[in-house]
Amino acid sequence: MPDAVTHDEPATQSTLGADDRRFMARALALAARGLYTTTPNPRVGCVIVSAGRIIGEGWHVRAGGAHAEQAALDDARAKGHDIRGATLYATLEPCNRHGRTPPCVDTVITAGIGRVVAAMHDPNPLQANGAVRLRDAGVVVEVGLMEREATELNVGFVSRMQRGVPWVRSKIASTLDGRTALVNGDSRWITAPAARADGHAWRARACAIVTGVGTVLRDDPALTVREVATPRQPLRVIVDRNADTPADARVLEGGNVVVVTAGARNEHWRGVETLPLPDADGRVDLTALMRELARRGINEVHVEAGAKLNGALLRAGLVDELVVYVAPSVFGDPARGMFELAEPLASLDGRIELEWTSIERIGSDTRIVARVRGAAPRDVVVR
2 MPDAVTHDEP ATQSTLGADD RRFMARALAL AARGLYTTTP NPRVGCVIVS AGRIIGEGWH
62 VRAGGAHAEQ AALDDARAKG HDIRGATLYA TLEPCNRHGR TPPCVDTVIT AGIGRVVAAM
122 HDPNPLQANG AVRLRDAGVV VEVGLMEREA TELNVGFVSR MQRGVPWVRS KIASTLDGRT
182 ALVNGDSRWI TAPAARADGH AWRARACAIV TGVGTVLRDD PALTVREVAT PRQPLRVIVD
242 RNADTPADAR VLEGGNVVVV TAGARNEHWR GVETLPLPDA DGRVDLTALM RELARRGINE
302 VHVEAGAKLN GALLRAGLVD ELVVYVAPSV FGDPARGMFE LAEPLASLDG RIELEWTSIE
362 RIGSDTRIVA RVRGAAPRDV VVR
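If you count the sequence shown from 1, position 22 lands on 23 in the working numbering, and the numbers rise without skipping.
Think of the hints as simulated: they come from the structure by calculation, not from any bench.
Remember, it's a predicted structure, so these values are computed and weren't measured experimentally.
A couple of the hints might just be wrong.
What the hints assert, rightly or not - Label pairs and their calculated CB-CB ranges:
hint, residue 1, residue 2, range
1, E153, I353, 42 to 50 Å
2, R136, G179, 28 to 36 Å
3, R98, G139, 18 to 26 Å
4, R101, A202, 21 to 29 Å
5, D280, P345, 50 to 58 Å
6, E274, A19, 46 to 54 Å
7, R297, L349, 17 to 25 Å
8, D350, G256, 28 to 36 Å
By construction, the Cβ of each residue, glycine as well, lies at the ideal position given by its N, Cα and C atoms.
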């Protein structure tokens with residue numbers, strides 16, 4: 002995996018206080034407004050402060066649009082404020098390279114900003130040294146305030162930049178005894194409407210939704226976001242070794258779908274992208290799939306699949322996080338479980354350990370968010 006970005010200048014919080022934290026918290030709240038829209042870019046918010054009060058604020062809405070810093074500067078100017086000498090709070094180090102928009106570093110310097118407080122360094126190696134350039138121009142720069150919160154907001158972007166794969170999140174609905182369907186495959190509906198609506202919010206923040214052909218054949222899902230207002234639909238990805246997805250499957254409607262096979266093709270598909278990614282055993286190479294999705298700018302992957310694909314992803318070390326909705330019910334054996342592993346564990350030493358992130362009631366169900374131990378993106382290295 003790629004090394005983390007290294008920065009020559011040390012981060013410092015020596016002069017940061019309660020007001021700085023309050024202003025950064027506002028910038029993070031603004032960044033969160035882009036939760037469903039910024040892909041493949043990071044979610045970034047910005048506020049500009051002068052004489053202890055906010056005079057401008059903005060956030061990055063979508064790729065190709067104004068970056069948060071430019072939006073905040075425009076907001077301050079539109080309100081008639083003098084920006085010179087002000088402090089700019091950004092949830093991410095200002096960018097240092099010309100892409101679809103000019104470098105924010107140049108914009109900040111030209112505006113006469115006196116101080117920049119950034120929550121975290123940009124993990125994109127192509128954007129490195131924005132803080133260094135600002136310091137060279139005489140701007141006071143401090144990096145690291147509320148870094149954990151900023152990293153969490155962009156966990157997928159950080160993963161793609163530092164590991165070369167998206168952040169993979171598996172969503173599962175189960176009974177209290179860990180069953181996801183009856184032995185005949187019936188699983189509608191294990192959880193109540195509130196939990197299903199909450200699941201759509203997780204879908205909406207993802208860049209791609211991955212499922213397996215078994216789920217397509219059994220449930221015929223559309224895999225679209227319906228319970229959350231969003232201007233875009235995530236890419237739908239079907240892992241289908243033998244190209245068995247029916248041409249009239251709901252998931253194929255409207256395009257925006259990729260069927261990943263082990264080399265097989267389906268002559269009945271029309272307008273469907275087929276991606277052959279066979280591994281040495283004639284199955285779909287799941288690691289290659291995740292690297293290909295990262296290459297396409299996919300930051301977060303949302304998996305809604307059965308025990309077979311969930312287990313294969315878990316065995317391959319590709320699952321970072323689990324979002325499990327537990328219903329107050331019991332199916333008992335031999336109903337289906339969450340993960341189908343290749344072989345039974347010989348000892349407890351082989352178990353996959355998790356770290357609890359949150360446990361929360363969602364209507365009549367309980368939502369558990371847990372991370373595979375060691376899955377969190379490595380912190381940006383600062384020297």
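Practice task
Compare the structure with the hints numbered earlier in the document and write down the numbers of the violated ones, lowest to highest.
Solution key: 1, 2, 5, 7 and 8
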